[in-house]
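Below are the chains, spelled out letter by letter.
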Amino acid sequence: MTGEDIFRKFKKLIPKESFFSRLDSLAKKYRLFGPVNIKNQTAFREIHTSKELFMEYKSTMLSPGKLFIFRPKEELFRFHKNEGIKIEELPPVSEQQIIIGVHPCDTNAILYLDRTFMGIYKDPYYEARRKNTMIISLNCTNVSPNCFCSSVGSGPFLKAEKGYDMLLTDFGDRYLMEIKSKRAEELFNMKGKKAGKEEMEIKRDIENSVLEAFTKTIAVEGLDELFLRNMDHPVWQHTAEERCLSCSNCVLVCPTCFCYDLIDESSMDMKMTRRIRQLDACQDMRFAEVYGGNFRQRRAARLRQFVTHKLNQTVQYGVYGTVGCGRCITWCPTGIDLTEMAIEIRRSEKDM
Amino acid sequence: MNRLKPVKARIQALKKQAHEVKTYTLTTENLPFSALPGQFNMVGFPGVGEAPISFSALVRENCFEHTIRSAGRVTAYLDGLKEGDELFIRGPYGKGWPLRQAEGKTVLLIAGGLGIAPLRPVIQGILEKRGLFDKVYLIYGAKNEKHMLFTDEFQTWEEEFPLFLALDEISNPDSGSPRMKVRDKRGWEYHIGLVTDMLDKVKIYPQRTIAFVCGPEIMMRFVCRGLLLMGIESSSLYVSLERRMKCGIAHCGHCQHYGLFVCKDGPVFSYKQVRGLPDGLL
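Listed in order, the protein sequences are those of chains L and Y.
Heads up, the first sequence is in this note's numbering, so the first residue is 10 and it goes up one at a time.
Heads up, the second sequence is in this note's numbering, so the first residue is 1112 and it goes up one at a time.
Hints in this document: simulated from the structure, not taken from any laboratory.
All figures in this text were calculated on a predicted structure; none of them were measured in a lab.
Ideal Cβ positions, reconstructed from N, Cα and C, are used throughout, including at glycine.
Heads up, some of the hints might be wrong.
As the list claims (entries may be wrong) - Covered stretches of chain Y, as calculated for chain L (at least 3 residues, CB under 8 Å):
#1 1115–1127
#2 1269–1278
#3 1383–1392
Next up, chain Y with everything else stripped away, as it sits in the complex:
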């Protein structure tokens, strides 16, 4: 079996999610895989290249989703595609979030920016089987309200667990005075400040809590250190790492993180496993 061989996927639906971010609903003929939350595909196009992209929704009704920001060569090409167009995928690759381990525990989901996308399958999994989990909190921060993703799903989410939303800045403040809180037009209340500020809002028993953290590495560093101060074991903290990848199967070496292959041993690692490794910020 040649794992480097991509398969065609068709864009069933395309949704502009936020500034430069779109969610691609994809389908392939004889869908060749089932995926786990936190796993990723190599997504690309011949002549352009491939990039590792996490699932933002797992396979349901023959479709799955990737939420992609137009950033580099590959994703800028994908950004130009329309509904009905084809692209190429291969996967799924990597180890995902240990959702089974979270059963019966308090679950802290903490996302920064696009980091909400790899956590969305976790959220959807929790919503489907809410009873399996104890308390659930979602803390989600973004640059400004234009960068908030999945805002139209917040309501469904909030019916099952509390959301704490943070913004670095307000993109269009309607008054000149600085405020600690703003509301957007849908009525969502945003805290102005860092994601770490919101850690004070959650009440947890550290021994019975598991945390899934995804965002820029510098954000994950401080969130994890905050969670350690709250008494959560580093082996109960999970982070998802981003690295350059070419193959996805622990061959090409690009994603090597001090002996670990992020594509095979991760991208989800326990904080214990990756804390303090060279060439990282954790």
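Isolated chain L, as found in the complex:
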């Protein structure tokens, strides 16, 4: 039996009202996070009632995975200095939480972070949060101009079968609810019309109409080889010189960027040191610095590291580092667009 078959009977049409009231009933036991409208922007925030949710959102600046599972900043150890030094290991957080309305791009980004933090070496802080977090994904029907998930296979509808708990598709006044985990099956054991072939066809029709809304694309075929052939292409140099500010916005908003720094902060009386980890960025000048040199001293090299880590370097995990969410394009203060850089390289090869 494949993973899909196990939960086949758990495809249901649920009235939105009853889904939200079920969520509200869980608020006592779980911390709930979801998309909330703040002025003209949507952000993932902690919510206390489902009324706060804005499920028709397009995109957010920060991805839920890098807010609530891989925390931007986290204290790991305390070193107490009295006679000798005692190490206090801060235990991973065991709070139960639910993230609601995670788009396919961001769900795939969490699966990507899993490769880093739950690969051969497991990060206990990430692992604990990941296990205690229920992910309710929402198929995306609101394409933004910078979205290119359809080109890289990570959206707009979620294809992954594992690694999250539930998948919702907006069917007007109802959700098509696809259960993907045992715990979701238990918590959302609700009455609803069983979804069959007909509903799956409607779902496919919705997906097809969403696919038509994409304006940005990237040709993935041969992308690895394209970049490897063009490590010294002028696009790196002129984009770095004319536009890149090394501000690191791209890295910080990227849902798959996992780099962190370890920082020691000592108290004024020097009796206690906290070891903290926080997000770091390869765009920072000192990121690859060693004694006597810097492997990415030039801004062009740092820009190339970010872009190729997303669109090349598949040797790392066997998948592309991008999920096509387009955040790095949206939040770049000078509008650098990695898909356009790939196009420029491709075009120059054709001209030769």
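Fit chain Y to the given chain L structure using the hints.
Leaving out everything else, chain Y in the frame of chain L:
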């Protein structure tokens, strides 16, 4: 298991090795690991930070060694420590030198500067089981004679295999005339010039030779290219890379070298794997 959690280590012995370089003989309670040649520890102190440091000797009689130059913030702090003081370590991390693959083969060990430190456990391993290996050569170069490390061990080494020593310069030439060779007060003869000059001295059958190279990346580039010209396959050449590291376990991303994590996939790589990668000199 939290791999970021360090353990206390005590400095059993401290030896000034050369200019700004010391060898720290360390021990920890219930020594939590065994290490392989070429692996490294994160060594540091709370409030100061941590730095990746290769083993210069593996665990023996409950002690192991790191040979460290005072260079950055962390190592400058370590430089101020005395015998009996504590520091913090975690590890070992990474892939080491493929010593098993070298058995039965001619082994070329080529070191530049501090690069001799990660190769010292290989040398010690060869000395312990000399019979397992065919011919062994050590080519070792440093800036000047003051920067030569482990000079007091040269004699033991030379009893088992030839040493070829090179210096970029003489720190205190006793005569004004340039010479191609000098002797230090212990009687060691140094060639003045680059490590690559010494490649002509070794006679090898390329198909049956394996080379371990460690030093500044620019030196490794030219040594490896020299060895390729001698006919050694790039898959039989091994280099140890240096990168900035924070975690040692392929999480923090600092050491990423075009998709490779130097801390997990290396620091020892075959030259074939890393030759020509962007943001490197190889």
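### Cβ contact check, 8 Å cutoff: the region 1269–1278 of chain Y against chain L, three residues minimum
Violated, because only 0 residues of the region 1269–1278 of chain Y bring their Cβ atoms closer than 8 Å to Cβ atoms of chain L.
#### Entry: Residues of the region 1383–1392 of chain Y with Cβ under 8 Å from chain L, three needed, outcome
holds (count 3)
### Query
Are there three or more residues in the region 1115–1127 of chain Y whose C-beta lies closer than 8 Å to some C-beta of chain L?
That given contact holds, which follows from 4 residues of the region 1115–1127 of chain Y lying within Cβ reach (below 8 Å) of chain L.
Hint 2 from the list above is the single one not met by this structure.
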